[in-house]
Amino acid sequence: MNNAEIADLFDQLADLLELEGANAFRVRAYRSAARTIDSLADSLADLVAEDPALLQELPGIGKDLAGKIVQILRTGGLEPLDELMQRIPADVVTMLRIPGLGPKKVAILFHELHLKSLDELKLAAEQGLISQRKGFGKKTEESILEGLQQLASTGTRLYLADAKPFADRIVAELLELKSVEQASSAGSVRRRRETIGDLDVLVAASCSDEAMDYLAGHPLVEKVLARGETKQRVRFKPIPRCFTPDGNRVGLEMDMRVVPEESFGAALQYFTGSKEHNVVTRRLAQQRGLKLNEYGLFRGEERLPARTEEEIYAALDLPWIPPELRENRHEFAWAEQSDRPALLELADLQGDLHMHTTATDGTASIEEMIEAARSRGRKYIAITDHSRRVTMANGLDEARLRAHWREIRKLREHYSDIDVLCGIECDILEDATLDLPDDVLAEADWVIAVLHYGLKQPREQIRKRLLAAIRNPHVHLIGHPTGRLIGARPGAEVDFDDIFKAAADEGVMMEINAHPARLDLDDIHARQARDHGIPIVINTDAHSPHGLDLLEWGVYQARRAGLTRQDVANTRTSKEFRKLLR
DNA sequence: GCCGTTTTCGGCCCGACTGTTTTCAGTCG
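Here our numbering is used: the first residue of the first sequence is 1, the next is one more, and so on.
Keep in mind that the hints were calculated from the coordinates and are not lab data.
Every value quoted in this text rests on a predicted model; they were computed, and no experiment measured them.
Check before you lean on any hint, since a few could be wrong.
[Claimed, not checked] The calculated DSS-like cross-link candidates involving lysine-lysine, where the alpha carbons are at most 25 Å apart (straight line), are: (1) K63 x K105; (2) K139 x K122; (3) K579 x K501; (4) K464 x K501; (5) K116 x K138; (6) K104 x K379; (7) K116 x K139; (8) K122 x K134; (9) K138 x K231.
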């Protein structure tokens with residue numbers, strides 16, 4: 001049982017307790033424990049094996065929850081959860097995901113109207129049975145039916161790379177308006193989360209009407225979902241060619257808030273979040289006899305100067321915290337360090353060590369990729385086309401690969417300002433062998449080992465394959481290693497502790513793959529790898545010259561993990577980088 | 001259920017908006 005699974009059990013229990021009308025703070029305790037566990041670098045199983053008393057040193061975990069964790073690890077289940085699941089059908093819990101329905105309303109639907117499934121809910125809404133109930137009306141009924149439909153098209157999170165340009169466009173347009181003094185993205189876009197649930201935009205304006213009207217009448221807006229004096233929520237039409245990680249079309253929603261200019265800093269801090277980060281900042285304010293809300297920082301009735309985020313954090317005795325770190329994971333500990341290292345910047349990166357050409361599934365020639373990398377200021381690159389197993393991409397066998405490398409070697413003679421490595425993205429096959437023989441790999445400057453196939457294998461086999469690749473003396477890097485390719489499949493999560501230990505021993509690096517569709521090595525895993533002393537490499541996995549621009553998305557992920565330039569290997573010069581290779 | 005420079009009880013972040021209400025509870029972020 002890994003951390004994510006244990007956290008999930010606590011979250012499920014919290015949902016069920018809410019439906020049972022349990023004390024809200026008790027529910028919150030379970031949720032906060034789930035978050036703590038989810039973002040923990042060490043495995044709870046290891047912690048308990050060492051000393052179960054250590055559990056109570058974790059924030060938000062006391063005697064009771066520590067006992068429950070031990071029970072979960074010992075029995076694989078959680079007694080109060082099993083008992084509640086007997087009583088409350090899974091569909092009833094799903095009803096909580098319908099906008100407008102919270103625990104109180106769902107409890108009434110279940111206990112008083114005896115609706116046990118989504119089908120029964122739909123029928124009852126269609127027959128008008130729900131609006132007869134006190135506290136429910138026609139609107140609620142309609143929003144239930146709409147919500148059920150939305151529920152059917154699940155997975156409404158978008159990649160940052162798709163969502164951010166969209167948010168940037170709206171912000172730029174708002175800034176053109178006369179009454180708008182400042183505007184910014186907030187929320188998860190500003191925090192550079194890898195996927196985005198909805199967009200938040202904040203506006204400072206003398207009067208809110210112009211900005212609100214503008215958004216409401218925007219040609220891309222499908223529906224105004226709610227509108228008040230200062231706050232408006234809209235749904236956009238499905239964005240063309242824009243899909244969720246699950247491949248669904250999505251109608252993105254946006255929250256807009258309009259505040260007076262003197263409140264912009266406080267509001268930006270507040271709406272950037274995360275929620276968990278803000279709970280802490282508000283508590284810190286409280287401890288100092290202050291009140292922090294989206295309108296400013298107050299001592300009693302008196303407004304303290306806080307027009308910028310910097311001033312707000314200063315009042316809490318903190319340095320300004322970069323939005324990427326604001327998840328209440330490690331930023332407050334980071335802020336306390338006196339010799340706080342600067343987070344990685346895009347400009348720190350000198351090399352890009354994962355890209356494709358027309359030899360396999362890329363769209364540009366070797367020469368075009370070299371030129372594109374030069375024009376972007378890269379000092380070194382690796383050409384890493386696919387190995388033969390990836391037949392769909394015209395993967396290279398030994399003969400074609402050797403010819404490909406000969407061509408690269410010939411071309412690179414002509415360049416003195418960029419170092420071009422002969423590389424390969426070599427598949428780790430289902431039987432844990434590599435897709436190319438060792439004598440071929442030995443000729444490469446740079447070998448990336450990756451999993452593409454057999455991802456539904458039992459996790460033990462996947463773990464074996466990764467370990468075998470790490471122990472192959474010719475492998476330099478594990479490409480898109482955690483592969484939520486793997487982790488995304490429930491029950492297939494791989495415990496990475498062993499993998500990281502082996503990689504550290506063998507001197508194998510780990511990749512943050514900036515390609516937006518990879519969703520790989522998340523900030524927690526990146527931090528774990530760093531803590532194991534593993535050099536991290538940020539690559540684009542570009543399939544075209546334009547793909548080389550993606551490097552920034554990997555940088556965001558690294559910043560969220562709190563990585564500095566020292567933690568990342570391709571911040572080195574080409575010469576220093578080559579010294580890292582075994 | 002957790003936590004404590006307010007320390008073993010009594011707090012726990014807080015404001016906006018909606019819908020169904022005649023003054024507010026529930027939901028949301």
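Consistency of the hints with the structure:
About 32 Å separates the Cα atoms of K63 and K105, which puts this hinted pair outside 25 Å; it is violated. The hinted pair formed by K139 and K122 meets the criterion: a straight-line CA distance of about 14 Å does not exceed 25 Å. Between the alpha carbons of K579 and K501 the distance comes to roughly 21 Å, so the proposed pair stays at or under 25 Å and holds. Using a Cα cut-off of 25 Å, the hinted pair K464 and K501 holds, with the two alpha carbons roughly 14 Å apart.
The hinted pair formed by K116 and K138 meets the criterion: a straight-line CA distance of about 21 Å does not exceed 25 Å. Distance restraint check for K104 and K379: the Cα-Cα separation of roughly 59 Å exceeds the 25 Å cut-off, and the hinted pair is therefore not satisfied. Proposed proximity of K116 and K139 is supported: the alpha carbons are some 21 Å apart, at most 25 Å. For the given pair, K122 sits about 19 Å from K134 by alpha-carbon distance, which is consistent with the 25 Å threshold.
With a C-alpha separation of about 24 Å, the suggested pair K138 and K231 falls inside the 25 Å cut-off, and the hint holds.
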